[in-house]
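*Asks:* If you want the building blocks of each chain, they are given just below.
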Amino acid sequence: MAKPMKLSGRIWALRGPDGAAIENIDTDMIYHNKHLAVTDMNEMAQFIFGNLDGWRDFPGKVKPGDILFVGKNFGSGSSRQHAVDGFIALGIQAIVGESFGAIYWRNAVNAGMPVLRAPDVFGSGIESGQEVEIDLTTGEITNLSSGKAFAAGPMGNIQMDVYKAGGLFEYGRQGGKSAMPTDVV
Amino acid sequence: MGKTIIEKIFSEHTDDSSRVIPGETIWLKIDVRSARDFGGANVVKHLIKEYPDSEKIENVAKTFFTFDCVSPANTIPYAENQQISRVFAREEGINIYDVGQGIGTHVLIENGHIRPGMTTVGTDSHFNIMGAIGAFGQGMGDRDIAFAWKTGKVWFDVPSCVRVNLRGIPSNPDVSAKDVVLRLIREFGASGLLGKVIELYGDYIEAAGLDERITIGSMGTEMGLISIIIPPNEALEKELKEWTPGDFGIIAADSDARYEAEYTIDIGNLKPLIAAPFEPHNVHPVEDYQGVKVDSVFVGSCTGGRISDLRALAAELDNGVAKDINLRVVPATRRTIAKAIEEGVYARLFDAGATISHAACGGCASGQIGMTGAGEIQVSTGNRNFKGKQGAGETFLSSAKIAGRVAAKGTL
Chain A
0 MAKPMKLSGR
10 IWALRGPDGA
20 AIENIDTDMI
30 YHNKHLAVTD
40 MNEMAQFIFG
50 NLDGWRDFPG
60 KVKPGDILFV
70 GKNFGSGSSR
80 QHAVDGFIAL
90 GIQAIVGESF
100 GAIYWRNAVN
110 AGMPVLRAPD
120 VFGSGIESGQ
130 EVEIDLTTGE
140 ITNLSSGKAF
150 AAGPMGNIQM
160 DVYKAGGLFE
170 YGRQGGKSAM
180 PTDVV
Chain B
0 MGKTIIEKIF
10 SEHTDDSSRV
20 IPGETIWLKI
30 DVRSARDFGG
40 ANVVKHLIKE
50 YPDSEKIENV
60 AKTFFTFDCV
70 SPANTIPYAE
80 NQQISRVFAR
90 EEGINIYDVG
100 QGIGTHVLIE
110 NGHIRPGMTT
120 VGTDSHFNIM
130 GAIGAFGQGM
140 GDRDIAFAWK
150 TGKVWFDVPS
160 CVRVNLRGIP
170 SNPDVSAKDV
180 VLRLIREFGA
190 SGLLGKVIEL
200 YGDYIEAAGL
210 DERITIGSMG
220 TEMGLISIII
230 PPNEALEKEL
240 KEWTPGDFGI
250 IAADSDARYE
260 AEYTIDIGNL
270 KPLIAAPFEP
280 HNVHPVEDYQ
290 GVKVDSVFVG
300 SCTGGRISDL
310 RALAAELDNG
320 VAKDINLRVV
330 PATRRTIAKA
340 IEEGVYARLF
350 DAGATISHAA
360 CGGCASGQIG
370 MTGAGEIQVS
380 TGNRNFKGKQ
390 GAGETFLSSA
400 KIAGRVAAKG
410 TL
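Line order of the protein sequences matches chains A and B. Quick note on numbering: numbering that gives the first Met the number 0 labels position 179 of the first sequence as 178, and the sequence is numbered without any gaps. Quick note on numbering: numbering that gives the first Met the number 0 labels position 113 of the second sequence as 112, and the sequence is numbered without any gaps.
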């Protein structure tokens with residue numbers, strides 16, 4: 000099934016009590032190490048943000064199709080795939096962030112979760128509950144509630160190809176060609 | 000055009016060497032691929048689900064399980080995950096370092112599996128510690144690692160590289176490698192060099208031994224770096240050969256290598272530093288916290304559990320551990336324990352009142368050697384002090400020497 004190139008959904012803007020974007024959210028805040036033995040993706044959903052002050056009730060409030068907006072260096076820390084897969088299990092469609100931890104970024108790409116870097120996203124005044132549309136081909140993000148548009152970096156070649164394939168394994172089976180000249184398998 | 004160390008390593012491990020340019024994506028051939036008890040069962044699950052009817056492992060000789068995260072398992076789900084990995088290793092003929100051997104990254108270095116110039120990946124976010132011996136290491140999630148086990152490759156965005164020169168040698172005898180890396184984190188923060196590589200130079204680093212290099216290399220993750228790569232030298236090669244005889248090549252950057260930026264940091268007057276709760280980059284001079292009452296001290300982890308750390312700790316404990324403080328020591332590897340016994344360090348720590356565990360990761364994961372309670376102040380030689388990570392208390396990060404001093408006094 001072809002993957003959609005335009006996504007729209009309700010915004011969750013990850014702000015702290017002072018209203019500013021929370022920075023440096025590490026994977027222990029997203030998905031605490033006491034639940035690392037879980038291997039079933041669906042079981043991971045309930046533990047998302049279980050160690051992040053003010054956001055512990057997130058799994059109960061989120062709806063499939065929602066889109067998460069995060070601040071700088073989201074997902075720093077450990078290599079746990081759980082911290083991405085839990086959002087997929089919750090039905091989060093995409094994560095837009097000012098920047099991401101390097102391993103977290105890879106894990107999202109490999110899972111086929113669209114992640115976009117938009118350095119000034121919080122400056123545009125996004126708020127939880129607003130509706131947003133994202134064009135994955137151009138990286139253009141339109142806040143449908145406020146009418147404001149802003150630009151995220153477009154998805155890279157491999158990121159787009161892995162997304163279209165539905166994840167790293169399927170991408171590999173298809174030859175892993177991407178923009179890269181050599182095949183992987 | 001000259002190459003940085005990471006560009007040299009990548010060029011030798013890809014069919015697309017002309018594309019080894021920062022920002023390009025390449026398929027990188029991986030020399031050593033590992034998974035821990037954390038993530039290991041997830042890797043096995045992916046391989047069984049995704050490749051039911053074909054070979055699951057590209058090269059078993061290059062593939063390793065290391066059990067170090069919750070070791071031995073203290074919950075049934077962890078025990079089951081270890082058993083899934085153990086049985087899979089047996090069936091497929093994969094190498095395994097089971098419970099008690101120590102921290103996977105350290106075990107793989109000590110036993111000569113990983114050498115300068117290699118490419119390596121594992122389900123440990125501190126796998127970039129391999130920069131300490133001039134190798135490329137990267138922690139990755141279980142999908143990446145399963146893919147690497149199956150194909151021997153991962154896709155990778157060639158990172159840009161900055162050169163950092165450390166000027167001077169710290170004159171303060173209380174300063175050690177941990178203070179040097181905390182100084183780097185204070186400089187660049189948690190994301191100032193996000194996604195980049197540091198190549199590290201200077202007289203201090205040139206003279207640093209394996210243990211010091213490991214301590215420094217282990218905290219690249221807390222700076223959001225791909226890795227801190229320390230150029231290996233002959234002294235390091237000699238030290239690695241003492242652990243495992245064999246052929247260890249030295250890799251160096253070209254003299255005309257191009258760096259995205261160059262920074263010089265003076266460490267001649269460096270004072271002992273500490274990372275205060277709840278962020279590793281919340282770095283201050285230890286003296287700023289003088290007199291703060293401490294309840295527990297943890298010495299171990301991939302940052303601070305080597306024999307040099309245990310020696311530095313023991314040297315502070317001639318009069319024993321303060322009465323109302325608990326000191327927990329987790330040596331990095333079984334071979335570290337053997338050295339500690341041989342040198343008498345183990346006995347000194349024991350006599351001082353330390354609780355000494357078997358070799359493993361220790362404080363960072365799931366309470367392997369205990370958790371902190373609300374209000375508890377802990378000093379740790381580890382690399383992370385995020386809120387809630389090691390319990391409900393507050394954790395300061397320091398060197399083993401400072402941790403030892405705190406254990407003796409009961410205060411910072």
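I should point out that these hints are in silico values taken from the structure, not numbers from a laboratory. Cβ coordinates follow ideal geometry from the N, Cα and C atoms, glycine included. Fair warning: there could be bad hints in the mix.
[Stated by the list, open to error] Selected chain B positions facing chain A (Cβ under 10 Å, derived; list incomplete):
#	residue
1	ARG89
2	ASP141
3	LEU224
4	PHE247
5	ALA251
6	SER254
7	GLY392
*Asks:* Now, for every hint given, state plainly whether the structure supports it.
*Replies:* Hint-by-hint comparison with the structure:
Restraint check, ARG89 of chain B versus chain A: the minimum CB separation of about 19 Å is more than 10 Å; hint violated. Taking 10 Å as the C-beta contact cut-off toward chain A, the hint placing ASP141 of chain B at the interface holds, the least distance being around 5 Å. A least Cβ separation of about 8 Å between LEU224 of chain B and chain A falls short of the 10 Å threshold, and the interface hint therefore holds. Proximity of PHE247 of chain B to chain A is violated relative to the hint, the smallest CB-CB distance being about 27 Å (cut-off 10 Å).
The beta carbon of ALA251 of chain B is not positioned within 10 Å of any beta carbon in chain A (closest approach about 25 Å), and the interface hint is therefore violated. A least Cβ separation of about 29 Å between SER254 of chain B and chain A goes past the 10 Å threshold, and the interface hint is therefore violated. Given hint, GLY392 of chain B at the interface with chain A, is violated; its Cβ is 14 Å from that chain's nearest Cβ, farther than 10 Å.
Going down the numbered hints, you'll see the structure goes against 1, 4, 5, 6, 7, while the others check out.
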